[in-house]
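Colleague: Chain by chain, the residues run as shown.
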Amino acid sequence: MTIEMQKERENEATTEGLAMSTSLSSIALSSKMKTRGLKAGFGKTEVLKGIDLDIPEKCVTAIMGPSGCGKTTFIRCLNRIHELTAGAKVQGEVMLDDEDIYGPNVDAVAVRRKIGMVFQKPNPFPTMSVYDNVAAGLKLNGVRDRKLLDQVVERSLKMGFLWEEVKDELHKSGAALSGGQQQRLCIARAIAVQPEVLLMDEPASALDPTATAKIEEAMMELKKQYTIVIVTHNMQQAARVADYTAFFYLGELVEFGETAQLFEKPKKELTERYITGKFG
Amino acid sequence: MAGLTANSGIDRRRRFTNQAMTGLIYVAVGLAIAPLVVILADVAVRGAPVMSVAFFTHLPTPVGTPGGGIANAIIGSFIMVGLACLIAIPMGVGAGIFFSEWPESRLSTVSSFLNDVLAEFPSIVVGIFVYVVVVLATGTFSALAGGIALAIIMIPIVARTTEESLKLVPRNLREASMALGIPRWKTVLSIVISTGRAGLFTGILLAVARAAGETAPLLLTALGNTFYAKGLMNPIAALPLTIYTYGISPFPDWQADAWGAALVLIAFMLALNLTIKLTVGRKMSHVRPEN
Numbered sequence: 001m002t003i004e005m006q007k008e009r010e011n012e013a014t015t016e017g018l019a020m021s022t023s024l025s026s027i028a029l030s031s032k033m034k035t036r037g038l039k040a041g042f043g044k045t046e047v048l049k050g051i052d053l054d055i056p057e058k059c060v061t062a063i064m065g066p067s068g069c070g071k072t073t074f075i076r077c078l079n080r081i082h083e084l085t086a087g088a089k090v091q092g093e094v095m096l097d098d099e100d101i102y103g104p105n106v107d108a109v110a111v112r113r114k115i116g117m118v119f120q121k122p123n124p125f126p127t128m129s130v131y132d133n134v135a136a137g138l139k140l141n142g143v144r145d146r147k148l149l150d151q152v153v154e155r156s157l158k159m160g161f162l163w164e165e166v167k168d169e170l171h172k173s174g175a176a177l178s179g180g181q182q183q184r185l186c187i188a189r190a191i192a193v194q195p196e197v198l199l200m201d202e203p204a205s206a207l208d209p210t211a212t213a214k215i216e217e218a219m220m221e222l223k224k225q226y227t228i229v230i231v232t233h234n235m236q237q238a239a240r241v242a243d244y245t246a247f248f249y250l251g252e253l254v255e256f257g258e259t260a261q262l263f264e265k266p267k268k269e270l271t272e273r274y275i276t277g278k279f280g
Numbered sequence: 281m282a283g284l285t286a287n288s289g290i291d292r293r294r295r296f297t298n299q300a301m302t303g304l305i306y307v308a309v310g311l312a313i314a315p316l317v318v319i320l321a322d323v324a325v326r327g328a329p330v331m332s333v334a335f336f337t338h339l340p341t342p343v344g345t346p347g348g349g350i351a352n353a354i355i356g357s358f359i360m361v362g363l364a365c366l367i368a369i370p371m372g373v374g375a376g377i378f379f380s381e382w383p384e385s386r387l388s389t390v391s392s393f394l395n396d397v398l399a400e401f402p403s404i405v406v407g408i409f410v411y412v413v414v415v416l417a418t419g420t421f422s423a424l425a426g427g428i429a430l431a432i433i434m435i436p437i438v439a440r441t442t443e444e445s446l447k448l449v450p451r452n453l454r455e456a457s458m459a460l461g462i463p464r465w466k467t468v469l470s471i472v473i474s475t476g477r478a479g480l481f482t483g484i485l486l487a488v489a490r491a492a493g494e495t496a497p498l499l500l501t502a503l504g505n506t507f508y509a510k511g512l513m514n515p516i517a518a519l520p521l522t523i524y525t526y527g528i529s530p531f532p533d534w535q536a537d538a539w540g541a542a543l544v545l546i547a548f549m550l551a552l553n554l555t556i557k558l559t560v561g562r563k564m565s566h567v568r569p570e571n
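Chains A and B are the protein sequences, given in the same order. In terms of my numbering, the first sequence opens at residue 1 and continues consecutively. In terms of my numbering, the second sequence opens at residue 281 and continues consecutively.
If you are wondering where the hints come from, they were derived from the structure by calculation, not from laboratory data. Here the structure is a predicted model, which means the values were calculated and not measured. Hints should not be assumed to be uniformly reliable.
Claimed, not checked - Pair by pair, the computed Cβ-Cβ distance ranges are:
# : chain 1 : residue 1 : chain 2 : residue 2 : range
1 : A       : P104      : B       : R386      : 18 to 28 Å
2 : B       : Y508      : A       : D107      : 53 to 63 Å
3 : B       : G310      : A       : R144      : 52 to 62 Å
The beta carbon of each residue, even a glycine, is placed where N, CA and C say it ideally should be.
Chain A with its partners taken away, still in its complex shape:
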């Protein structure tokens, strides 16, 4: 404890540390989402043991930690996808703009419209064209206006950094694209419904470095409009793309702070040991 407190004081001495400590205690930026006492699991297994985390608006927040730390479960609780798994349990609060998305009268479908998701493995709809994949969310929610759909598809593909590669073959099957292109297609599909938050569950773990770089480039643009939460076990990736980073271990939030601070001057010994590769 004393070591940690000392570290904290050291951090506060530097300007960087000063900014960090403000953002930590009472986030200077407004929070888009907040979790309070979030517990989740499957059946009798508790994966998350009470997470309190504030997710800053229009920033990239990375959730990092070793396998089995609950980071994927955490992100899946943020848009109520977790509960679709048989035996899944959730407890606690998840606030989106100060409204509990687990509140009694909240419609999970409406929640998911505001909080989009990109999955670990690219999963375009295999029977649909590139165009239809991007338009799917709108079409299936009743949008028929062709002009509007055209605009949304183009804009979303541009934001997903895929437009230039597919603009001449929008009617080709989405499954015919390369893995990296498929993942950017999935990003375009998720943002086509204009969510407020974009959750990304290890979006680049199945991709090569070039494809990963493109996804990260897209994220830099996307965060101007969206609040992004990304799960990653790749520390370099967190360091590259995230403004804030949370370190999870065994279902608990160990540390949360500005990415630079967390990597350079972690406050907890556990965090330091993880980022220096002593375990994980």
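Given the structure of chain A, go ahead and fit chain B onto it with the hints provided.
Modeller: Then chain B, alone, in the frame of chain A:
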């Protein structure tokens, strides 16, 4: 001796055992296909002589009068199988969707089990059931009763294959759809079914092939006749009934017609199966689980 040339006693024995076992497997395969080949050849040889345009377009003629056909049976089979499809496809597909997509429901697991029981039902029992419920109630053998009986045969097949093919649709596609804020029922109807449609199609065709060949339920429901059916509420002919009635008759020309009808029915089933193989085999490739 430890080289790559195998000359020792053990090596020779191994090679011999390998060849002997391979030979045994070929024999087993041969024995398994033999009945199929013999039946196909027999039906083809005996059915071929009566094949003519008239056989497909004419009504049966009285014994001893040449030029008779089985047009009424072909049409009757199409009508009843069509009727059965109208009933069985919506019900079977609906049930299959329920089994696959709502496995957490107790009703789903119980009815899925009962569906298996229904699939194993002796078809003559289905015939008796429809005889009591439809034929006795309406006071007449009819195409409608035949269609209902065939539908009862088809429903469990369609339901089971629908369930199996939808279960093959990767879970992450359902999640991708739900994550877009698409409600569950729409996810099932637009994403899951369109991804698993090749399997659905296969199931329906298999059920059609099965229904087209059923005889027992039709004996007690459609009865059969020797002219074009007057309507859905009248007795109607069908290929299996023609084969049955003509086959057990004492008249050589009727027996020849029975072989001909059998050839038509088998050719129809081969065509259905080939359709499945050729069209669906390729389409199924995208439904395979990717993990």
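Colleague: If a hint holds in the structure, say so; if it does not, say that too.
Modeller: Going down the list of hints, with the structure as the test:
Checked against the hint of 18 to 28 Å, the pair P104 (chain A) and R386 (chain B) passes, with Cβ atoms roughly 25 Å apart. A C-beta distance of roughly 57 Å is found between Y508 (chain B) and D107 (chain A), which places it inside the suggested range of 53 to 63 Å. In this structure the hint that G310 (chain B) and R144 (chain A) lie 52 to 62 Å apart at CB holds, the actual value being about 60 Å.
Going down the numbered hints, you'll see the structure goes against none, and every one checks out.
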